[in-house]
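> Here is what each chain is made of, one letter per residue.
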Amino acid sequence: MKTAVALGLAVLCGAAAVALVALDMAFSLRAELQSKEGADFVTLARSDDRGGFRSSPGGLECASREIRLVVDNQRLWSGTVDVTVTVDNYTGSPQRLLDESWSLGRGETRSASFTVPAAIFSPQSSQPVAVKPMVQLTAQVGDLFLSTCVREAA
Amino acid sequence: MEERTLQGSLTFLGFAISVLAVFYFAIEYIPRVSEWTQLAALVLLGLAFAFLGIYLRQTVVGEPFFSGPRLQWLRPPVVLYLLAIFSGIVAEIRFLTIGDVAVPLKILVSLAIGIGLIVAVARRSGRDAKTDRPET
Chain Y
1 MKTAVALGLA
11 VLCGAAAVAL
21 VALDMAFSLR
31 AELQSKEGAD
41 FVTLARSDDR
51 GGFRSSPGGL
61 ECASREIRLV
71 VDNQRLWSGT
81 VDVTVTVDNY
91 TGSPQRLLDE
101 SWSLGRGETR
111 SASFTVPAAI
121 FSPQSSQPVA
131 VKPMVQLTAQ
141 VGDLFLSTCV
151 REAA
Chain Z
1 MEERTLQGSL
11 TFLGFAISVL
21 AVFYFAIEYI
31 PRVSEWTQLA
41 ALVLLGLAFA
51 FLGIYLRQTV
61 VGEPFFSGPR
71 LQWLRPPVVL
81 YLLAIFSGIV
91 AEIRFLTIGD
101 VAVPLKILVS
111 LAIGIGLIVA
121 VARRSGRDAK
131 TDRPET
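These protein sequences, in sequence, are chains Y and Z.
Just so you know, our numbering puts 154 at position 154 of the first sequence, and the rest follows in order with no gaps.
Just so you know, our numbering puts 88 at position 88 of the second sequence, and the rest follows in order with no gaps.
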């Protein structure tokens with residue numbers, strides 16, 4: 001293979017890889033978990049955050065029981081996405097709060113609000129008494145995965 | 001020899017820094033995109049490494065980093081070929097973990113690619129051997 005051809009193909013493949021990743025990130029499905037704090041909603045987790053418990057964008061540690069899931073279809077095409085929200089108090093099976101299929105047009109944003117039931121914050125014998133009750137909320141939006149802890153207090 | 005060692009060290013450092021930059025890009029951005037984009041990006045990166053290795057093999061930069069018989073194998077093209085192999089293996093693992101593709105199809109495609117590579121290289125090597133052999 002001639003050197004010029006090999007170099008050209010190397011540059012082309014490298015540029016194509018970077019361009020593909022950039023385009024996918026620019027035109028992708030995005031999801032956020034927001035917690036109601038007073039009159040406003042504060043973002044706790046975003047689909048492009050790679051750590052479940054990294055410092056949340058809104059500066060809060062855990063969400064309140066009133067939560068909103070926002071899904072934004074920035075892809076170049078419309079489509080249907082499966083949305084599942086579960087909450088787990090570590091004492092039994094996770095409880096499903098939302099299980100739907102959403103049909104989203106190109107550029108469409110859709111949200112769903114729900115309240116984590118107070119009953120799910122049952123006393124957990126494995127946790128020390130001083131620890132405030134907390135449960136884990138997980139949202140699966142297509143192949144996106146978001147997670148946040150939820151505190152019992154309002 | 002000292003000057004050659006310094007040149008080799010600086011070239012090696014340049015390659016190490018560049019490769020780390022590519023790894024950092026891969027670790028930071030590739031996990032954020034969809035499964036098929038991840039697969040395509042890994043394949044394209046592997047091809048880029050391979051073609052770059054082929055290019056450097058024919059240039060002065062393709063010489064060994066360090067003098068001495070034991071490190072003759074450590075050359076930029078070899079490093080790039082190894083990176084291409086690593087990218088290819090990671091791409092294959094990513095393909096096998098894609099949930100949308102049926103398991104039998106994953107096995108079939110993987111075997112076809114693997115055996116196809118072996119056969120293609122063997123046929124190419126056979127053709128090259130016939131070309132090199134002097135005609136009687």
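Keep in mind that a hint or two might mislead.
Covered by chain Z, according to a simulated footprint, are these stretches of chain Y (three or more residues, beta-carbon under 8 Å) [said to hold, decoys possible]:
{"no.": "1", "stretch": "3-11"}
{"no.": "2", "stretch": "19-31"}
Partial selection, computed: residues in chain Z whose CB lies under 7 Å from chain Y [said to hold, decoys possible]:
{"no.": "3", "residue": "SER34"}
{"no.": "4", "residue": "THR37"}
{"no.": "5", "residue": "ALA40"}
{"no.": "6", "residue": "PHE51"}
{"no.": "7", "residue": "GLN58"}
{"no.": "8", "residue": "VAL60"}
{"no.": "9", "residue": "VAL61"}
{"no.": "10", "residue": "GLY62"}
Keep in mind the hints are simulated off the structure, nothing from the lab.
Because the structure is a prediction, the values reported are computed rather than measured.
For glycine and all other residues, C-beta sits at the position ideal for the given N, C-alpha and C.
> Give a verdict on every hint.
Taking the hints in turn, this is what the structure says about them:
With 6 residues carrying a beta carbon less than 8 Å from a beta carbon of chain Z, the stretch 3-11 of chain Y meets the three-residue requirement, and the given coverage holds. Counting residues of the stretch 19-31 of chain Y whose CB falls under 8 Å from any CB of chain Z gives 5; the rule of at least 3 is met. For Z:SER34, the suggested interface contact is upheld, since its CB lies about 6 Å from the closest CB of chain Y, less than 7 Å. Because the smallest distance between the Cβ of Z:THR37 and any Cβ of chain Y comes to about 4 Å, under 7 Å, the interface hint for this residue holds.
With a least beta-carbon distance of about 6 Å to chain Y, the hint placing Z:ALA40 at the interface is held under the 7 Å criterion. At its closest, the beta carbon of Z:PHE51 sits 4 Å from a beta carbon of chain Y; the interface hint therefore holds under the 7 Å criterion. Interface restraint check for Z:GLN58: the shortest CB-CB distance to chain Y comes to about 5 Å, inside 7 Å, so the restraint holds. A least Cβ separation of about 12 Å between Z:VAL60 and chain Y goes past the 7 Å threshold, and the interface hint is therefore violated.
Annotation: interface hint on Z:VAL61 violated; nearest CB of chain Y at approximately 11 Å, more than 7 Å. With a least beta-carbon distance of about 10 Å to chain Y, the hint placing Z:GLY62 at the interface is violated under the 7 Å criterion.
The structure fails hints 8, 9 and 10 (numbered hints given earlier, in ascending order).
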